[in-house]
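A.B. asks: Residues per chain are reported as follows:
Protein chains: 4
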Amino acid sequence: MDQLTKFNSATKELITAGKLLYAKGWVPATSGNFSMRLDATRIAITVSGKDKGALSEHDIMTVDYNSLPLDDKKPSAETELHVVLYKQFPEIAAVLHTHSVNATLISRTSGEELRLSNYELLKAFHGINTHETSMIIPIFANDQDIARLSKKVVMYLQKNPSIHGYLIAGHGLYTWGRAMHETIRHLEAFEFLFECELKLKGIR
Amino acid sequence: MDQLTKFNSATKELITAGKLLYAKGWVPATSGNFSMRLDATRIAITVSGKDKGALSEHDIMTVDYNSLPLDDKKPSAETELHVVLYKQFPEIAAVLHTHSVNATLISRTSGEELRLSNYELLKAFHGINTHETSMIIPIFANDQDIARLSKKVVMYLQKNPSIHGYLIAGHGLYTWGRAMHETIRHLEAFEFLFECELKLKGIR
Amino acid sequence: MDQLTKFNSATKELITAGKLLYAKGWVPATSGNFSMRLDATRIAITVSGKDKGALSEHDIMTVDYNSLPLDDKKPSAETELHVVLYKQFPEIAAVLHTHSVNATLISRTSGEELRLSNYELLKAFHGINTHETSMIIPIFANDQDIARLSKKVVMYLQKNPSIHGYLIAGHGLYTWGRAMHETIRHLEAFEFLFECELKLKGIR
Amino acid sequence: MDQLTKFNSATKELITAGKLLYAKGWVPATSGNFSMRLDATRIAITVSGKDKGALSEHDIMTVDYNSLPLDDKKPSAETELHVVLYKQFPEIAAVLHTHSVNATLISRTSGEELRLSNYELLKAFHGINTHETSMIIPIFANDQDIARLSKKVVMYLQKNPSIHGYLIAGHGLYTWGRAMHETIRHLEAFEFLFECELKLKGIR
Numbered sequence: 076m077d078q079l080t081k082f083n084s085a086t087k088e089l090i091t092a093g094k095l096l097y098a099k100g101w102v103p104a105t106s107g108n109f110s111m112r113l114d115a116t117r118i119a120i121t122v123s124g125k126d127k128g129a130l131s132e133h134d135i136m137t138v139d140y141n142s143l144p145l146d147d148k149k150p151s152a153e154t155e156l157h158v159v160l161y162k163q164f165p166e167i168a169a170v171l172h173t174h175s176v177n178a179t180l181i182s183r184t185s186g187e188e189l190r191l192s193n194y195e196l197l198k199a200f201h202g203i204n205t206h207e208t209s210m211i212i213p214i215f216a217n218d219q220d221i222a223r224l225s226k227k228v229v230m231y232l233q234k235n236p237s238i239h240g241y242l243i244a245g246h247g248l249y250t251w252g253r254a255m256h257e258t259i260r261h262l263e264a265f266e267f268l269f270e271c272e273l274k275l276k277g278i279r
Numbered sequence: 076m077d078q079l080t081k082f083n084s085a086t087k088e089l090i091t092a093g094k095l096l097y098a099k100g101w102v103p104a105t106s107g108n109f110s111m112r113l114d115a116t117r118i119a120i121t122v123s124g125k126d127k128g129a130l131s132e133h134d135i136m137t138v139d140y141n142s143l144p145l146d147d148k149k150p151s152a153e154t155e156l157h158v159v160l161y162k163q164f165p166e167i168a169a170v171l172h173t174h175s176v177n178a179t180l181i182s183r184t185s186g187e188e189l190r191l192s193n194y195e196l197l198k199a200f201h202g203i204n205t206h207e208t209s210m211i212i213p214i215f216a217n218d219q220d221i222a223r224l225s226k227k228v229v230m231y232l233q234k235n236p237s238i239h240g241y242l243i244a245g246h247g248l249y250t251w252g253r254a255m256h257e258t259i260r261h262l263e264a265f266e267f268l269f270e271c272e273l274k275l276k277g278i279r
Numbered sequence: 076m077d078q079l080t081k082f083n084s085a086t087k088e089l090i091t092a093g094k095l096l097y098a099k100g101w102v103p104a105t106s107g108n109f110s111m112r113l114d115a116t117r118i119a120i121t122v123s124g125k126d127k128g129a130l131s132e133h134d135i136m137t138v139d140y141n142s143l144p145l146d147d148k149k150p151s152a153e154t155e156l157h158v159v160l161y162k163q164f165p166e167i168a169a170v171l172h173t174h175s176v177n178a179t180l181i182s183r184t185s186g187e188e189l190r191l192s193n194y195e196l197l198k199a200f201h202g203i204n205t206h207e208t209s210m211i212i213p214i215f216a217n218d219q220d221i222a223r224l225s226k227k228v229v230m231y232l233q234k235n236p237s238i239h240g241y242l243i244a245g246h247g248l249y250t251w252g253r254a255m256h257e258t259i260r261h262l263e264a265f266e267f268l269f270e271c272e273l274k275l276k277g278i279r
Numbered sequence: 076m077d078q079l080t081k082f083n084s085a086t087k088e089l090i091t092a093g094k095l096l097y098a099k100g101w102v103p104a105t106s107g108n109f110s111m112r113l114d115a116t117r118i119a120i121t122v123s124g125k126d127k128g129a130l131s132e133h134d135i136m137t138v139d140y141n142s143l144p145l146d147d148k149k150p151s152a153e154t155e156l157h158v159v160l161y162k163q164f165p166e167i168a169a170v171l172h173t174h175s176v177n178a179t180l181i182s183r184t185s186g187e188e189l190r191l192s193n194y195e196l197l198k199a200f201h202g203i204n205t206h207e208t209s210m211i212i213p214i215f216a217n218d219q220d221i222a223r224l225s226k227k228v229v230m231y232l233q234k235n236p237s238i239h240g241y242l243i244a245g246h247g248l249y250t251w252g253r254a255m256h257e258t259i260r261h262l263e264a265f266e267f268l269f270e271c272e273l274k275l276k277g278i279r
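Residue numbers (the numbering used here), protein chains in the order written: chain A, 76 to 279; chain B, 76 to 279; chain C, 76 to 279; chain D, 76 to 279.
There may be inaccurate statements among the hints.
Covered stretches of chain D (in silico footprint by chain A; criterion: 3 or more residues with CB under 8 Å from a CB of chain A, positions within the stretch not fixed) [what the hints assert, rightly or not]:
1) 98-106
2) 173-183
3) 245-259
Derived pair list, reagent style DSSO-like, types lysine-lysine, alpha-carbon separation capped at 30 Å [unchecked claim]:
4) D/K276 with B/K276
5) B/K148 with B/K125
6) C/K81 with B/K125
7) C/K162 with C/K274
8) A/K81 with A/K99
9) B/K274 with C/K81
10) C/K149 with C/K94
11) D/K94 with A/K274
12) A/K276 with C/K99
13) D/K226 with C/K94
14) A/K276 with D/K226
15) A/K99 with A/K148
16) A/K274 with D/K276
17) D/K274 with D/K149
18) B/K94 with A/K99
19) B/K125 with B/K162
20) A/K125 with D/K94
21) B/K162 with A/K125
22) A/K274 with A/K99
23) A/K149 with A/K227
24) A/K274 with B/K276
25) D/K99 with A/K125
26) D/K149 with C/K94
27) C/K99 with B/K94
28) B/K162 with B/K94
29) C/K87 with C/K149
30) B/K276 with C/K274
31) C/K274 with D/K99
32) B/K125 with C/K99
Just so you know, these hints were derived from the structure itself, not from any lab. For glycine and all other residues, C-beta sits at the position ideal for the given N, C-alpha and C.
The shape of chain A in the complex, shown without the other chains:
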């Protein structure tokens, strides 16, 4: 695929993902942001502040690996959080950041990490083949200083390279995968598990 074809194809996948995630209630009120790796120099990412359920091709832009825009649009304030993931994990191709009620609540009521075990659905995550395991999801304090938050995330990921997502307290979830469909599968699995955990906690 040439550069333009690749961008157009990523744009289509980002728009479709946005419709699905908005319908599920995971990106309300223009929250959330999505990206896809295009190649070694470019990442496609959603423009700041758009309704994720009604993205158009004009709402997708490109940035480089320094989080700098490659066109004249304004990227999401959280662009750097996407970029560090693509740098850290050479195999991943899509990152979704969402703001669901369940992610918000679990992130505010679980301390510094959430530990999940004994769920068949853990097998939805790449590399997990049994429910007889335990998965840890780190929870970082929310921070409007994205550079500082990015550094914290990178330090954690370097020590814990096998995780599939993390939470920011009172804010939401970041998850990733080797293709958009894998990232969506991880997201659906996380949301399922958050809902189970919250109900077991009796929070609702």
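Got chain A sorted already, so can you dock chains B, C and D onto it with the hints?
C.D. replies: What follows is chains B, C and D alone, placed relative to chain A:
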């Protein structure tokens, strides 16, 4: 735009908003009412008692800034509550009044005001740039005397001009914005935050 | 309208209502049954055991005021519960019987009646103009003997003619109105109020 | 019907069921698997790891009664759990295995069996004609050794041939019926009853 074009355009936006809000369950059983500012003398508003998920162009009418109908239709009983908002806030263009389960419950269990803090989604409100803030939503006692209720609201707004919405106990939410899409964004953010707060309270 | 036109028109309204109610989750697993009054001798009603979200014109039949079929189809086992309502209330035109989770739970946890007050949405019921009222919904014990249950309902209605619906414990809701759209409005209001009450009770 | 027609018809039913069940949230993150009996030697079943809401004809394959693939696709890891049901119950034609939040939670909080009684909706199950009965749903410990789990299930079914479904703890539900529409009816009834029971338990 001439007068008719403006009315037709507002009508389309009101019908589209109605479908979205009904699908979300926020205007059940013909409840709720919506409006848009047309110009310095006219406001478009939903006719009384219509199914908000199936509005037609005949279900939208115009009123003046004295809440009086400019055509032969019957405006919502709560027209004055819309009009006082357009008078109070010259910059706003759209008002949505909804009756969700969560707005009803939070308004019955939070005393005279709801205070929200530490949510990233607070940034969905115009003028808020950080989660490290605290937002207050006043809760007024329900009252079938709309003139009396309107006066209470106006007195509150004059002292607290920076709020983005208010609740009426056991009744619902009023919210507004500089365009329909901003008002919908505020509404989605309020509903998200009400759901979070209710679950944290353990009410459900 | 001639007889056939009337039947065809009622059939359309019943099919449309079925789609809406199934989508809301109020008639799962082929549960529920719906009817409309055609004239002084005939009532249109859903055939027994059909998927209410996918009704076809073949799934609607006619019965008389003795609950006897006027064609060769098998009417709902609960036909008599519909018929007694049409006899009791000459002004009503449509009856909906639904089986939602909320109706089931509220009917199993509220004793012999549910009392609702201080909800703006009470105004969705025909004849109620203020939230400053209190509405009673009787709850009958479930009974597979529909003739016996019908008699109990009739006795209650004769003493309490102003109610808009009743519950059968562990089973579901009956509600009615002067047109299908009014019955749907009553149903949506009941479901809204049941959900509020359950959450306030902390049942969920 | 010839063999190919039968396969095509089953494929259509499986794809349609997948869309419905995904929309309801019962097969998130590619979880779940579905099958239909074709004849005395062949069963149609979903291919391993596919998104159940977007199945295509290429995602359905055939296996024999030894759980062995009859084409070059990879069947679901849980194929044997489907096959033993078709062997045990000659009258059934469709099996659905789902992973809902409610099935997961009820299976983790109800010990070795769930007992349901006093629900009108019990009548949705084939052979049950009254709410005045009590239905038992066995709950098996989760096991990645499907052959071992299948044996446990068969032993239970031989002693308890009148059940309509079973749970695997932290995993999900298996249910079956004499046609796809009956299996879907059973599934909807189970999901309804799980939700009721969970809310009554106060888990949510």
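A.B. asks: All hints are to be evaluated individually against the structure, with a verdict given for each.
C.D. replies: How the hints compare with the structure:
no.: 1; hint: 98-106; result: holds (count 4)
no.: 2; hint: 173-183; result: holds (count 5)
no.: 3; hint: 245-259; result: holds (count 3)
no.: 4; hint: D/K276 with B/K276; result: holds (18 Å)
no.: 5; hint: B/K148 with B/K125; result: holds (12 Å)
no.: 6; hint: C/K81 with B/K125; result: holds (25 Å)
no.: 7; hint: C/K162 with C/K274; result: violated (36 Å)
no.: 8; hint: A/K81 with A/K99; result: holds (27 Å)
no.: 9; hint: B/K274 with C/K81; result: violated (48 Å)
no.: 10; hint: C/K149 with C/K94; result: holds (21 Å)
no.: 11; hint: D/K94 with A/K274; result: holds (26 Å)
no.: 12; hint: A/K276 with C/K99; result: holds (27 Å)
no.: 13; hint: D/K226 with C/K94; result: violated (42 Å)
no.: 14; hint: A/K276 with D/K226; result: violated (34 Å)
no.: 15; hint: A/K99 with A/K148; result: holds (28 Å)
no.: 16; hint: A/K274 with D/K276; result: holds (11 Å)
no.: 17; hint: D/K274 with D/K149; result: violated (39 Å)
no.: 18; hint: B/K94 with A/K99; result: holds (17 Å)
no.: 19; hint: B/K125 with B/K162; result: holds (25 Å)
no.: 20; hint: A/K125 with D/K94; result: holds (29 Å)
no.: 21; hint: B/K162 with A/K125; result: holds (29 Å)
no.: 22; hint: A/K274 with A/K99; result: holds (18 Å)
no.: 23; hint: A/K149 with A/K227; result: holds (24 Å)
no.: 24; hint: A/K274 with B/K276; result: holds (14 Å)
no.: 25; hint: D/K99 with A/K125; result: holds (27 Å)
no.: 26; hint: D/K149 with C/K94; result: violated (37 Å)
no.: 27; hint: C/K99 with B/K94; result: holds (15 Å)
no.: 28; hint: B/K162 with B/K94; result: holds (27 Å)
no.: 29; hint: C/K87 with C/K149; result: holds (19 Å)
no.: 30; hint: B/K276 with C/K274; result: holds (11 Å)
no.: 31; hint: C/K274 with D/K99; result: holds (22 Å)
no.: 32; hint: B/K125 with C/K99; result: holds (20 Å)
This entry does not satisfy hints 7, 9, 13, 14, 17 and 26, going by the numbered hints stated previously.
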